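When you get a sec, could you build the whole thing from the sequences and use the hints?
Chain residues, written in single-letter form:
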Amino acid sequence: MEFLTNLLDSSSMPWLTAILLGLMTAISPCPLATNITAIGFISKDLEDRNRVFYNGLFYTLGRAISYTLIPLIIFIGADQFKFSGFFQRYGEKIIGPLLLIIGVFMLNIIRINFPGLSGLTSKMETRKSWRFIDALLLGMVFALAFCPYSGVLYFGMLVPMTVTSASGLYLPVLFAIATGIPVIIVAWVLAYTVSGIGGVYNKIKVFELWFRRVIAVVFIIVGLYYIFRIYL
Amino acid sequence: MKNLFIAGFLMLLFSAVSCNVQTDKKQPLAASSGNDVEVFYFHMTTRCVTCKTIEAEARKNIEMLYPEQFKSGKISFTALNIEEPAGQITGQRLGVNSQALLIVKGDQKFNITNEGFLYAVAKPDKFRDVIKEKVDPLIK
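Same order as they appear, the protein sequences are chains A and B.
Following the numbering used here, the numbering of the first sequence begins with 1411 at its first residue and continues without gaps.
Following the numbering used here, the numbering of the second sequence begins with 7 at its first residue and continues without gaps.
One thing to keep in mind: the hints can contain errors.
Capping the alpha-carbon separation at 30 Å, the derived lysine-lysine pairs in DSS-like fashion look like this [said to hold, decoys possible]:
| id | chain 1 | residue 1 | chain 2 | residue 2 |
| --- | --- | --- | --- | --- |
| 1 | A | LYS1492 | B | LYS140 |
| 2 | B | LYS129 | B | LYS140 |
| 3 | B | LYS132 | B | LYS66 |
| 4 | A | LYS1492 | B | LYS58 |
| 5 | B | LYS115 | A | LYS1492 |
If you want the footprint, here are the derived chain A segments under chain B, 3+ residues with CB under 8 Å [said to hold, decoys possible]:
| id | region |
| --- | --- |
| 6 | 1491–1500 |
| 7 | 1550–1564 |
Ranges of calculated distance between the beta carbons of each label pair, as one might list FRET restraints [to be verified]:
| id | chain 1 | residue 1 | chain 2 | residue 2 | range |
| --- | --- | --- | --- | --- | --- |
| 8 | B | ALA92 | A | ALA1576 | 38 to 48 Å |
| 9 | A | LEU1579 | B | ILE95 | 32 to 42 Å |
| 10 | B | GLN98 | A | SER1575 | 29 to 39 Å |
None of these hints come from the bench; they were simulated from the model.
Keep in mind the model is a prediction, meaning the values are calculated, not measured.
Cβ atoms here follow ideal geometry from the backbone N, Cα and C, with glycine treated the same way.
This is the structure in structure tokens:
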């Protein structure tokens, strides 16, 4: 962290500052927890190596959309202080229960069948493209889980740099890529290294059900981590 | 699953926009005492390691750099929870609604939140220098 702080001090280029802020955010506790959860989520399709890697990229793209949308709304005219205050207060308060709910749904402990929607829902889930959208949406939601430290790096440093002119709107994209780097790297390793080992594919097919349960438990544990941090 | 993600994202985004619209009131900056230097640290109920370190370092630096003025009340350090009524009232007066480290004298206000988060843990000496640089001209 000290190394990154030193680099940040000496950086006079906005694009480098954005990347450094993103890296500092990536290794801070809250984004680290959401990134670990994301890695669990995207690795559920381990039998399709390309999809794992693409999921990692779509997750990062989702983060980029949220991180760019916020400065855009501020640039258009929203009050930066009130906007940042809201996300820093409520972002991590919502993410804990949300992760817990997703985890419970993934475990199939609770089944809710909406009349007339079950057929549609199952069709959506069997379509490959929806899985990419899942990863994209996960990235968009997780990006909004600001903790005190990551909140200041983003709202206190990156957003002011970004909103000074419309040409600064590329900075959140670089910031998002830097925050998603751990996920992209792990997705790449999982996709092209681990899944390439002989015999792993068959074992994964056998243990797929357990794999999904483990991922659901990761969601629940990280959700509980947020809930305990904030509410208890 | 997709619907859950969408619901979560929209819930956060729209609540933020509506919150932004509802609380758009300007508050005067005027502090309670015009000649004294007041250092305010605003924090949330949930506090990270860095947040606690900023408060401890800022308080220690103020007490060490300006011992006489601190004793006489010429400079003060106050930590407030922005999610509690007392913190909200002072925060509104100073135009703050999230975590912040402010140095205030009359109508002058310096926000050194970013410096606090960057240096309090990694470079405490530099953090002390930032405080000194801002407070010295105000205390003379």
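(request) List in ascending order the numbers of the hints, as given earlier, that are violated by the structure. (result) When the structure is compared with the hints, none of them turns out to be violated.
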